[in-house]
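Q: What follows is each chain in one-letter form.
There are 2 protein chains.
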Amino acid sequence: MKNAVYAQSGGVTSVINASAYGTLVAALESKEIDRVFAGINGVKGILNEDLYDLTEEARSEIDRIPYTPGAVFGSCRTKIDSDEDFEKLFKVFDAHSIRYFFYNGGNDSMDTAHKISKKAKEIGYELQVVGIPKTVDNDLLETDHCPGYGSAARFTAISIMEATRDLKSMYSDSTKVFIMESMGRNSGWLAASGSLASTDRFHGPQIILLPEVPFMEDSFIAKVEEVVKKEGYCSIVASEALKRPDGSFISTAGYYDSFGNVQLGKIGQYLEKIIRDALKCKVHVALPDYLQRSSRHVASLIDWQEAVEVGALAVREAIRGESEVMISINRLRSKPYLKEYTTVALELIANGTKDLPVEFISEDGFYVTDEFRSYALPLIQGEAPNLYLNGLPMYENLQKIRARKLL
Amino acid sequence: MKNAVYAQSGGVTSVINASAYGTLVAALESKEIDRVFAGINGVKGILNEDLYDLTEEARSEIDRIPYTPGAVFGSCRTKIDSDEDFEKLFKVFDAHSIRYFFYNGGNDSMDTAHKISKKAKEIGYELQVVGIPKTVDNDLLETDHCPGYGSAARFTAISIMEATRDLKSMYSDSTKVFIMESMGRNSGWLAASGSLASTDRFHGPQIILLPEVPFMEDSFIAKVEEVVKKEGYCSIVASEALKRPDGSFISTAGYYDSFGNVQLGKIGQYLEKIIRDALKCKVHVALPDYLQRSSRHVASLIDWQEAVEVGALAVREAIRGESEVMISINRLRSKPYLKEYTTVALELIANGTKDLPVEFISEDGFYVTDEFRSYALPLIQGEAPNLYLNGLPMYENLQKIRARKLL
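Order-wise, the sequence lines are chains A and B.
The numbering used here numbers the first residue of the first sequence as -17 and each following residue consecutively.
The numbering used here numbers the first residue of the second sequence as -17 and each following residue consecutively.
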C-alpha cells in the first residue's frame, strides 16, 4: 500500500486550487498510488492526523476545484521545526502508509518540504517529496515565474486600467491622483504588473513604486507634480513594502490613533497624505488586499493551465522516482510564449527570494522597462473559464470525507 | 437644423458608457436629429463650448464605447447655478442649434437638467430635456433601480465571495476577520449587495454594516465575536457611510498623523482597530474604491443592456416630444425578471435620495433580508461581454473630433 498526501501552504492564490486539481487527478488515476489524502490546513493537518480522504470523493466535485478561489483544503503558516514535530509527522505518514508528499507553497513551504525529505532519509523512511510552486509574489528562485502570479498580475493590470479610466473621467474638477496599493512583501513583481495596463492605445498608470527602489519623498512628489501638470491626472501602483533609503519599511511608520497608539500605516494612505499636503489636490486610494490574490473570476488562462500542469507533473515525477525537488518553469521564448517544465532541488529554493532584476526597472526608478513588460505579458494571456450560475461563480462543494484516525 | 448634445455627470459607473452608446447610436440614426455633440467633462464642456462632434466619428469606434469603463467624454461635478451660467449655456445651445439635451447622471444631475429645462421654457427656447439615470449608489427616487448598480453589485458580491474563500483558507492560524469597505455615500444598497455572495452552497459574508442602521460598537463587537466563535472566521462588508446613533459619520472621526493633524479615517481601518483591540485577532481590510464602480470586466449583462436601452429610449422619447423627464425602470416581476421602461418628471427625482427600505434590513441590523436578495439578484445576471486582446480589455479609441467654436 502506497498512499499520497497533498497539502497547501502559505498565502493563497486564485489558482492554487488548480494545482490541487492537477495533483489529485494525477494521483487518483495513477496505478502506483492507492489512496489520496489532503492535509487539513496544510502540514498542520498532517501533524494532527487531520486528513481528508479524496479517494471516495465524487469526481464531479473534484472537477469543480479548479474554479474555486482560496485553498480548498485550508492553508497554514506553520513551520515544522522541533524533533517532536518530526516524530509526530512520520508517525502519521507511517500509520497511513504515506509514501508521497506533495507540498504546494512558496519558499517557506519548500524549506519545510526540504527538511521533511532530509529527515525521511535520516530515519530511513521511504518518501518521495515533490514541491509545487505557488505565490502571487513571484519571488521563488530557480523558476521563471510562479503559478498564481499571472492571475494576480492580470487582476492588477485590468484593475488599474479601469481605475485610470475612472480617474481620467473625473480629474477635470475632482480627484487628480489615484493610488492602488499592491501586495508583494519582499519584491516588486506584482506592483510592476500594473504597467501592463499601458497599451499603445492608452497610457496609465504613470508611476509604479517598487520596494527595490528606495523611496525618496521629494523626488516622488516632484514626479507626481510633473505628471499632473502634463497629463492632468496621475495614476500610481504602489507596493505595500516600500522602503526608506535606510532599508526600513515605510508602512510600519504611520499614524497615531486618538489614544496616541501607533497605527500600522497602509502605504496608500501614507502616499495620499504626502501628496495632498504637497500638491493640495484630491487623492483616492484603493487597497485591494485579498481581492488581488483571490480574484479567480479574472484569472489568466495561461496561469490557470500551468497551475494544473505543475500539480499533475509533481505526481508523475514522484512516481518516476524524483524526490526532494520542486517543479519549475523554464521559459524558452516570450513571443510567442514557449516554456518547458523541469525539476529543481528543493535546497536551491528554500528560504531564498528573487527581487525584480535591475534591468526590469526604469532608469528614474518610477516605472518598469519594456523588458519587464515582455516578460510579464505572456503570463496574463487568456481568460480562465468560470462556471456561472445566477450571475455568480460556482465553487466546489466537496463532501470532504475525513480519513479515519489511526493514532 | 436640430442638433443634440449628450453629457455625462457625477461619479462614473462601469456602464455609463453603455448609456452613451445607446444615446449616440439612437441620435445618430434618427432622421429628426442632424448633428450629435457630446459635452467635454459634462455640462461644464457645454458651458465652455467644449464639444465633441460625433457625427463624423467612425462607427466602428463608437461600437467600442460600451466596452469601456469611466466616462468616455469626461464627467464633472459642476452645478449650473448663476444667471450668468444659464446665459452662457443657452448661447452655446443656440449657436450650435441644440434642441435636444440628454444628461446622464444621478440626482444632482437631474436637478441640473430640471433647472435647464425650466429656464428654456422661461426664455422661450425650444429644448427637449431627457435625463438618463446612472449611479452605483442606486439611490435615485422613482425608479426600481439605477443603471450602474447591478454591475457594482456584481463586483461586490463576487469580490466578497472570493475574499471570504481566501479568509476561510487562512483563519486556522492567521487572519480571522476580513472587512471590505463599500461605496454608497448615503445609502446601503451597494454594501447590501455583498449578501448575494451567500448561496445555498456557501455562507459569507456573515455581517453587512449599513448606513441606515446606527452603528453601536458594543453590539458589533459582540456579533463579530459570536461569528468567529461559531464559524472560525468573520467576513464583513461595511458601508463607507456608517453613522453613529447621533447621525454623525464615523469615517470623519478617525486618526491623527504624526504631526497631530486629523486624518480622514477610512471605515475599514476604524473597524479593524476596534476588532483588533477587543478580540486580539488578525484583521484584513480591503478598500476597492474606484475598482468597485469601474470594474467593467465583471459588469452584469442585465445592467449593461439596460444602460444601453435607457440611453436609446431617452432619444426616442425626446423625439416623441417628451421633455423634463428621466427614463425610469419599472419592475413587474423579480423571478423571472420582467421590467418596463417609463418616464418620470425630473422634479420628482431632483435632489431626493432613496434609502434601503426597512423591510430589506434584517431584524438585528447586521444583515439584509431575503426580500432584498430577491430584489437584487436579477440585476447581477449574466456577464456583459468584453473585448480582450493580449489578456487585456480593449477600449474605445475615438478620434474625438472637436466641434468648431462659434462663440
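Quick caveat, the hints were computed from the structure, so don't treat them as lab data.
Hints are not guaranteed to be accurate.
Note that the list lumps identical chains together, so a pair holds whenever it fits in one copy or between two copies.
Simulated pairs of lysine-lysine, DSS-like, Cα-Cα distance not exceeding 30 Å [unchecked claim]:
| no. | residue 1 | residue 2 |
| --- | --- | --- |
| 1 | Lys264 | Lys317 |
| 2 | Lys225 | Lys264 |
| 3 | Lys205 | Lys101 |
| 4 | Lys212 | Lys225 |
| 5 | Lys205 | Lys(-16) |
| 6 | Lys211 | Lys387 |
| 7 | Lys225 | Lys262 |
| 8 | Lys382 | Lys205 |
| 9 | Lys13 | Lys225 |
| 10 | Lys387 | Lys73 |
| 11 | Lys225 | Lys(-16) |
Q: Against each hint, give a clear statement of whether it holds in the structure.
A: How the hints compare with the structure:
1. Lys264 with Lys317: Intra 41 Å, inter 43 Å, cutoff 30 Å: neither.
2. Lys225 with Lys264: both (25 Å within a copy, 23 Å between copies)
3. Lys205 with Lys101: Neither: 53 Å inside a copy, 46 Å across copies.
4. Lys212 with Lys225: within (28 Å within a copy, 40 Å between copies)
5. Lys205 with Lys(-16): Answer is neither; intra-copy 61 Å and inter-copy 47 Å both fail.
6. Lys211 with Lys387: So Lys211 and Lys387 pass the 30 Å test across copies only (25 Å; inside, 67 Å).
7. Lys225 with Lys262: So Lys225 and Lys262 pass the 30 Å test inside a copy (25 Å) and across (28 Å) alike.
8. Lys382 with Lys205: between (53 Å within a copy, 29 Å between copies)
9. Lys13 with Lys225: This pair counts as neither: shortest intra-copy Cα distance 52 Å, inter-copy 62 Å.
10. Lys387 with Lys73: within (12 Å within a copy, 84 Å between copies)
11. Lys225 with Lys(-16): Classified as neither: same-chain Cα gap 49 Å, cross-chain 60 Å, threshold 30 Å.
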